[in-house]
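Chains A and B are the protein sequences, given in the same order. Those letters in the first sequence? Residues 1 to 453, by this note's numbering. Those letters in the second sequence? Residues 1 to 234, by this note's numbering.
Keep in mind that a hint or two might mislead.
[To be verified] So, partial list: chain A residues that the calculated Cβ filter (under 8 Å) puts toward chain B: (1) Asp216; (2) Ala247; (3) Asn255; (4) Arg256; (5) Leu289; (6) Asp290; (7) Ser293; (8) Glu295; (9) Glu315; (10) Arg431; (11) Val432.
[Said to hold, decoys possible] Simulated coverage check for chain A against chain B, where a stretch passes if three residues somewhere in it have a Cβ under 8 Å from a Cβ of chain B: (12) 257-265; (13) 321-333; (14) 351-365.
[Unchecked claim] Stretches of chain B that chain A covers, calculated by requiring three or more beta carbons in the stretch to come under 8 Å of a beta carbon on chain A: (15) 69-81; (16) 104-111; (17) 189-195.
Everything labelled a hint here was simulated from the structure, so no lab data went into it. No residue lacks a Cβ here, since even glycine has one placed at the ideal position from N, Cα and C.
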Amino acid sequence: MTPPRRSLAASAALRVTLTVAAGIIVLSLSAMALQYRITARALETRQAEVLSADLSGFAQFYEQRRIPGLREAIEARAALTDGQEALYLLQDRNGTTLAGNIGDWPQALAPAGDLFAPAPLQEIVVGGTAYRGVARELPGGFPFLAARAWTPVTETLSGLRGTILWVAAGLSALALLAGWLVARAVVGRIDRINALADRVADGDLSARLPGPRSQDEFGALERHFNQMLDRIEALNRATHRLSDAIAHELRTPLNRIRQRLDRLQGQDADVAAIREDMAGTVRIFDSLLDISSAEAASGQRPGLVPVDLSAIAAEVFELYEPLAEDRGLSPAAEIAPGAWVLGERNLIAQLVSNLLDNAIKFTGPGERVTLTLATGDRHRLTVADTGPGVPEDIRATVFDRFTRGARDREVTGHGLGLALVQAIATRHGARVSLPPVCRGFAIEIAWPPLPRR
Amino acid sequence: MTDTARILIVEDDDAAAGAIAQAVRDLGCEPVVMRSYADGLKAAGLAEFRVIVFDRMLPGGDGIDAIARIRAAGSTALVLVVSALGRAANKIEGLEKGADDYLAKPFDAEELRARLRALLRRQEMVVMDNDLVTLGDLQIRMKARTVHVKNAHVPVSPKEFELISYFARNAGEVVTRMQLLENVWNLHFDPQTNVVDVHVGRLRRKLEQAAGHPVIHTDRGVGYVFDPQRDTVG
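Just chain B, with the same shape it has in the complex (with noise of 0.2 Å):
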């Protein structure tokens, strides 16, 4: 991130938008607080921001409401829902309605960071249209959907290799099981059980067989990092 990116926050709660300051700062961005839902949507339309970050029981108004007012203005922030609305029935209403991510309260720093940080790369990626990804000695070839590890191939499932798609999108950062769940298996509820691990615990097996070196490295219980690059030591 070398130009200092602006991330607006619109939320009425000190605690929640400290905390979200914080993790926009933790990502060397500037945060920029708004308290309602009026000051925030003019906010939106008077500087340029790269995410906003907008809560929905605001003096004022519902934050999946400005959505497609702050689109309709021509801006192309990506809008992270951070809500007490926190079901599944809430969340997939929240992205059907224009959000690019949705996050339910109480949230863990931690997995705040991982939806920012992956909303960013997001936006200065362009898109990944080139067939072939290499990250290391993993190759990745997106329309025969395989994977190649120092030439020789890793037979994947096809879930597999959506998981693997998503983690190198996301390569070298943080990913929380909650946005594995959500972007890999498209289930936006929160499993008893967490079956995700199993998943990744298997591809992960699989590439580092491969490889001769871990791939995906667990970062403190609150996700993985898929990096091929990095040392055996990581």
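Next up, chain A with everything else stripped away, as it sits in the complex (with noise of 0.2 Å):
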């Protein structure tokens, strides 16, 4: 198995570079936007403030002289200001212009306010350029203006939105490329592991992750991880001590016992059922071994090789059809050539063996025992046959260890044939089923095939 590859939108990398950039971008966007709302309150203040200014000056010549007194001050102010930076203008009750840099009264203002009070401005558009002042009508029917050109603001905070613009790019490229190497650093050291973890799933137990620790949070997991994996291990080393152990306990007293037998002079009958006892019980701790080993290395890739698949089965279907002709069955085998998987022909011959070997025992004379094996995307493996099947009360626990039909209780067995076969498909990753047949028992291994390189 190769660990699945990550899509791109799935990976946790993408993630984190899209969330540092977007992090970075948004606390320096929202930094520039502060520093922008201060300088734009500020320019605006300084306006108001030389606008303030120039309207006290005013207020003072007009208490002092009354109209004349403004007027003079406003011909004053006027020849020294452009009409671009500020406008002011004093007219009579006629409309007639008294002093001021601007010919006409601007359309459509309406003058509101007390005499020079600061406040309320209003927004001034004349030749297209925006200003904001004051227009009032001073007492007995005089017009007054005065107010300053709001473009030194508008031009400064169009210029620093320009430079914000240009600034927040080149921040998102930054942010991007800092986002990237993070994840690049932080991703790729979980990839390690993942790595790891998944070479430990295909069954390479020995697995570690090569190199110095860090110090920090990721040094630890790794610690943590090869800790973990040599408890593993050690367990499924002491796992293999102890069948190796119970072999050695079990097999040396049973082989006294043989060496003892084989001395014994004229009782050959009982001489020999003991022996055959003995190769009964020895038969079934080797099954029960088999099976457990078989379980203990499921999934592992080491021991496994490339076989042939429909070869063995071709040799174990050969052994057996002599004896089944002899028992008076038919049997047939249809196997597909070229059917590769990794596996250990050993086991894979026992296994395609106990299938046909129960056929062979549960069926009577005159029935079928078929082998089939068709290639696909999984090779199938089917052994059926006509005889009386599976009851129903024992189906759901073939693949049980020491399940047995009541009925077969003449048929030499332990029960241990159809678990073995199931610990033997597991090894290889291969899944057993029991499809439906109309008449008889049918079972189904399906591997899964060599992955081409």
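Join the two chains into one complex using the hints; note that each chain is given alone, in its own frame.
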């Protein structure tokens, strides 16, 4: 099994990159927006202060000498000030201009407010330029206008906006780069651990992360991971040692009994029966150990090599064919060539042998026993017979150890055959199923084909 | 076996060592028994042995690890591993690591003798590279893979030919079912039913029909003896 490649959208690396980048961008944009607001307010305040200073100057002149004083003051200001910078205008009640730097009262501008108070301000547009200022009607019907151009503010702000835009663009690029670097550093180390986990899941219990561990959390995670694997490996080794020890401790005394039996004279029938019983006992614990070792090795790659399932099936079928014929059965095989799998030849042969042995054992004369092997996305090996089938009450438990049908007590066996079949299939990543048949019994093993290189 | 052949036995269990030594004497050879891995390895280097019988779970080590060292030291002895580690997986491991044969405990004395005899024979025999093997009135042509009895062709299946070749290599000696399963079918597990008997039975009938007398004889339920020259009384 190769670890599934994560799609880019599902990749934590991409998400981390984007999140980090977005974070940096949002923070810096907020900072720049704040700066912009402060600048805008400062500029506005400054313009308002200049206007307010003008107005208080005019107020003094007006207080001292009324309209003539104000007229002189405005004339003086207007002479010094360009119309692009500020507007000043004083008219009499007939609309005749008394002083100012524009000729006419701007259209649609209604005077509002009292004398020279700095508020309320009005927006005034003259010749495409925006101004902000006051338009009043002084006592006696004298329209009075004082306003400062807003262009310095808007120009400064638009310049600032342009700068912000460029900075933001540059910053985004930098943020993406920074995010990518962070993601690569973080996700790269997680990927290392993931790759290790994949190797272990594939059965390589001795896989470890090479190189020195750093002192950070990742180092700790790697260390814990390695310690955990050491423990699993030790347990696995202990299991193997235990089954070796069981074999040794049981077989050695059995061997002594056997050797003593050979020295007995004159009770040949009894000796033969005892020998047969001993062989049966050994067969049972061999099967149990085979089952547990196949289960323990499930999914592990080491020990498996490419083998030709078709050839093995054909050989084992050929081994059993004469036996089936002698029992009056009609054996038949339909084996597609070239079904290669990753496996252990002897285990696969034992699986096929157990299936055929069972089929022949439980099927009466005149019935059929068929072995088929079909190649495909999974190689399907099926052994079917037209015998009595499996009783419903044990159908669900046929793969459990020591399951035997009540009516099969007469047939030799210990109910471990199918449990071993299941264990060997699992060891090879193959699936066992009992396809429904009209008559008899069928069992199918679906093998994962040899991965193409 | 003209010269008394020496056979080294490395086995820590007394009963097993005794039984193996007895089997060795039964074959007219001289047993030398060692009790530990280190002693066994040392002995293998000191004298010339025809066959070395090595146990696996020995004090000091595993017999199959000794095989490569014995071979590296230049010994031509054939190695028979006799071990309580008797599952198919253990046997395959042993054979892959260079054992010439592997017998599981508890073993039958007859089976052990058959294995030892086959190894001694293999030692004696110059490889059967001559194409024609003649045993009495039976002729086997190795390259053409044909069998003739009294100059009449006996049709055999490919597996039957392999069976007859193995028998021919051990002509006159007891060959057990387990040996046949391992050497002819290359299977290292114990099938629940005696499938081998059916195959041998068929071949036996074919040969007997052609020869007019039994060619393959049954030996006390232990195995078979292939002997085309034996008298019909056999």
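Cross-check of the supplied hints:
no.	hint	result
1	Asp216	violated (43 Å)
2	Ala247	holds (5 Å)
3	Asn255	holds (4 Å)
4	Arg256	holds (4 Å)
5	Leu289	holds (6 Å)
6	Asp290	holds (6 Å)
7	Ser293	holds (7 Å)
8	Glu295	violated (13 Å)
9	Glu315	holds (7 Å)
10	Arg431	violated (23 Å)
11	Val432	violated (19 Å)
12	257-265	holds (count 5)
13	321-333	holds (count 3)
14	351-365	holds (count 5)
15	69-81	violated (count 0)
16	104-111	holds (count 6)
17	189-195	holds (count 6)
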